[in-house]
Amino acid sequence: MPKVTWILHDGRSISAEVAAGHNLMEAAVANNVPDVIGECGGCLSCATCHVYVDAAWHEKTGGPGDMEGEMLEITTAERRPMSRLSCQIKASEELDGIVLHVPHV
Amino acid sequence: MADPIVIVGAGQAGAALAAKLRALGYSGPLALVGEEPVLPYQRPPLSKKYVSRELEFDRLLVRPPAWYGEQKIDLHLGSPVAALNPADKTIALRNGTMLRYAKLALTAGARPRRLPAEIGGDLAGVFTIRSVADADAIAPLLEPGKRMLVIGGGYIGLEAASVARTKGMEVTIIEVAERILQRVAAPPTADYFRALHRNHGVTILESTALARLTGAGGRLAGAALKDGTHLPADLAIVGIGILPNDDLARAAGLAVDSGIVVDGQCRTSAPDIYAAGDCARFPWRGEPTRLESVQNAIDQAEHAAATMFGEQRVYDPVPWFWSDQYDIKLQIAGLNRGYTDCVVRPGKRAGSASVWYYRADTLIAVDAMNDALSYGIAKKVLEAGRSIPKTTAADAAADLKPFLTAN
Chain B
1 MPKVTWILHD GRSISAEVAA GHNLMEAAVA NNVPDVIGEC GGCLSCATCH VYVDAAWHEK
61 TGGPGDMEGE MLEITTAERR PMSRLSCQIK ASEELDGIVL HVPHV
Chain E
1001 MADPIVIVGA GQAGAALAAK LRALGYSGPL ALVGEEPVLP YQRPPLSKKY VSRELEFDRL
1061 LVRPPAWYGE QKIDLHLGSP VAALNPADKT IALRNGTMLR YAKLALTAGA RPRRLPAEIG
1121 GDLAGVFTIR SVADADAIAP LLEPGKRMLV IGGGYIGLEA ASVARTKGME VTIIEVAERI
1181 LQRVAAPPTA DYFRALHRNH GVTILESTAL ARLTGAGGRL AGAALKDGTH LPADLAIVGI
1241 GILPNDDLAR AAGLAVDSGI VVDGQCRTSA PDIYAAGDCA RFPWRGEPTR LESVQNAIDQ
1301 AEHAAATMFG EQRVYDPVPW FWSDQYDIKL QIAGLNRGYT DCVVRPGKRA GSASVWYYRA
1361 DTLIAVDAMN DALSYGIAKK VLEAGRSIPK TTAADAAADL KPFLTAN
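If you're matching them up, the sequences are chains B and E in order. Residues 1 to 105, numbered by my numbering, are exactly what the first sequence covers, in order. Residues 1001 to 1407, numbered by my numbering, are exactly what the second sequence covers, in order.
With the rest of the complex left out, here is chain B:
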């Protein structure tokens, strides 16, 4: 299974294997990653699963979709070029090893 690493604002990191096809918000919640809340369950209505994709992985994840990009206007932490809503990124073999930086909210 693809491995995902979340680096928290205080430098701690959490890694987990995530079933391919599951999105990285639900994976974060399942692994008790703080500051990834996912209040709307992944339907692009709360922007509480905001992460910064590590620069090394940005090309593989690509940028946000249309509506996702609009929701990124209202994140609590500042929007950056690597900002994504993690509910819109699905675990896959291609993303095995991906690193996400979690802003403190």
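Take the hints with a grain of salt, since some may be wrong.
[As the list claims (entries may be wrong)] Which residues of chain E face chain B? A few of them, derived with a C-beta cut under 7 angstroms, are:
id, residue
1, V1038
2, Q1042
3, P1065
4, W1322
5, G1376
6, A1384
7, R1386
[What the hints assert, rightly or not] Here are the simulated lysine-lysine pairs, DSS-like style, with alpha carbons at most 27 angstroms apart:
id, chain 1, residue 1, chain 2, residue 2
8, E, K1049, B, K90
9, E, K1049, E, K1089
10, E, K1167, E, K1089
11, E, K1390, E, K1401
12, E, K1146, B, K90
13, E, K1167, B, K90
14, E, K1146, E, K1089
15, B, K90, B, K60
16, B, K3, B, K90
In short, the hints are calculated from the structure, not lab data. In this text, a Cβ means the ideal position worked out from N, Cα and C, and glycines have one as well.
Chain B is already provided as a structure; the job is to place chain E on it using the hints.
Okay, now just chain E, sitting in the frame of chain B:
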């Protein structure tokens, strides 16, 4: 903090309350009591991707199973409560277990309003959608060519219609009011969803009263309308609202008024008993209010937990909601109660639009259809206690982003 703490109601509110108590540092005994035999799960997908079998149950869980053990949460699932006794601070479960509490939270949620048995409400083939058991019963019946009746043109009914139509069923929605979404949205939003469903081949009958559901051998046969028409059907979904689960509180002598009455800090009329989520009626913007939403379930539950820890703030949310139908995402920010006017803002992409609700000249809510930017801006503006002029909102060419920052 005095212990133990007991939470009655193991839905999203109950799970959020438990998590918040632990996050705040409460390390004492914590029991979570639920009537359903399963761990807390997200209900919104039930009428969407769960009933359509695009999501498995495990993916609806609010927290993974191991979390409850890690957090030392004592689960009592499949355990209806028989009685609450505020005088001696105990809860009696129907299975005979007695739980003592120092503080108690009621997050018992709501149950669907049903059609009375006298008019066919208990026929086999007639369903509501509230629990995973409901959705599990409905899912195998969503077969192409079968006929589904939806009683009630609210969001749950429209979502069910969307799933059924996508599966190739023949769908008819019966709404007694003059239009769908009468209770929850303005005419432009209703017009939008009426057109959406009709374009997908759903029949919508508004101003149409049901006389009774008809049956044969105890099984649904169809619907007899008051105008004498009979509509044959294989399946009926009843989506005519929900009722707060306040019976336990009422029987225990707590103040109840179509919901458990709480103050702005989630405190009921009884000492050390709190309530949050769908079952609670709280003062909001000058009126007793009950919100039926995930946002309120989570935020009010967290607020109740904070109150237990001495937080003095009053719960004052900007409500938000969502619905998914076909390829349309509806996002709602605010509450349109008491609106006096609304304007429509055309969206940037095909089929997108937003409806902006005003009380006099103050923005109070927005329904956004495939227009996350309007939703997002409205949510932020409402949270900041600001407004956007009607003429600006209605002008598709006007940039609303400047309103995100105070000026």
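Against the structure, the hints come out as follows:
A distance limit of 7 angstroms between C-beta atoms decides the matter here; for V1038 of chain E the minimum to chain B is near 16 angstroms, and the interface restraint is violated. About 5 angstroms separates the beta-carbon of Q1042 of chain E from the nearest beta-carbon of chain B, less than 7 angstroms, and the hint is met. Evaluation of the P1065 of chain E hint against chain B yields a violated restraint, the C-beta minimum of about 10 angstroms exceeding 7 angstroms. About 4 angstroms separates the beta-carbon of W1322 of chain E from the nearest beta-carbon of chain B, less than 7 angstroms, and the hint is met.
For G1376 of chain E, the shortest C-beta to C-beta distance to chain B is roughly 4 angstroms, which falls under 7 angstroms, so the interface hint holds. The beta carbon of A1384 of chain E is not positioned within 7 angstroms of any beta carbon in chain B (closest approach about 11 angstroms), and the interface hint is therefore violated. For R1386 of chain E, the interface hint is violated, since its Cβ never comes within 7 angstroms of a Cβ in chain B; the closest pair sits about 14 angstroms apart. Between the alpha carbons of K1049 of chain E and K90 of chain B the distance comes to roughly 17 angstroms, so the proposed pair stays at or under 27 angstroms and holds.
As the CA atoms of K1049 of chain E and K1089 of chain E are separated by approximately 41 angstroms, the hinted pair breaks the 27 angstroms bound. For the hint linking K1167 of chain E to K1089 of chain E, the alpha-carbon distance of about 50 angstroms lies beyond 27 angstroms, and the restraint is violated. With a C-alpha separation of about 15 angstroms, the suggested pair K1390 of chain E and K1401 of chain E falls inside the 27 angstroms cut-off, and the hint holds. For the proposed pair K1146 of chain E and K90 of chain B, the alpha carbon gap of about 34 angstroms is over 27 angstroms, so the pair is violated.
The straight-line distance between the Cα atoms of K1167 of chain E and K90 of chain B is roughly 25 angstroms, inside the 27 angstroms bound, and the hint therefore holds. Between K1146 of chain E and K1089 of chain E the alpha-carbon distance is near 52 angstroms, which puts this suggested pair outside the 27 angstroms criterion. Between K90 of chain B and K60 of chain B the alpha-carbon distance is near 12 angstroms, which keeps this suggested pair within the 27 angstroms criterion. A C-alpha spacing of about 12 angstroms is found between K3 of chain B and K90 of chain B, which places the hinted pair at or below 27 angstroms, so the restraint holds.
Hints 1, 3, 6, 7, 9, 10, 12 and 14 from the earlier list are contradicted by this structure; the remaining hints agree with it.
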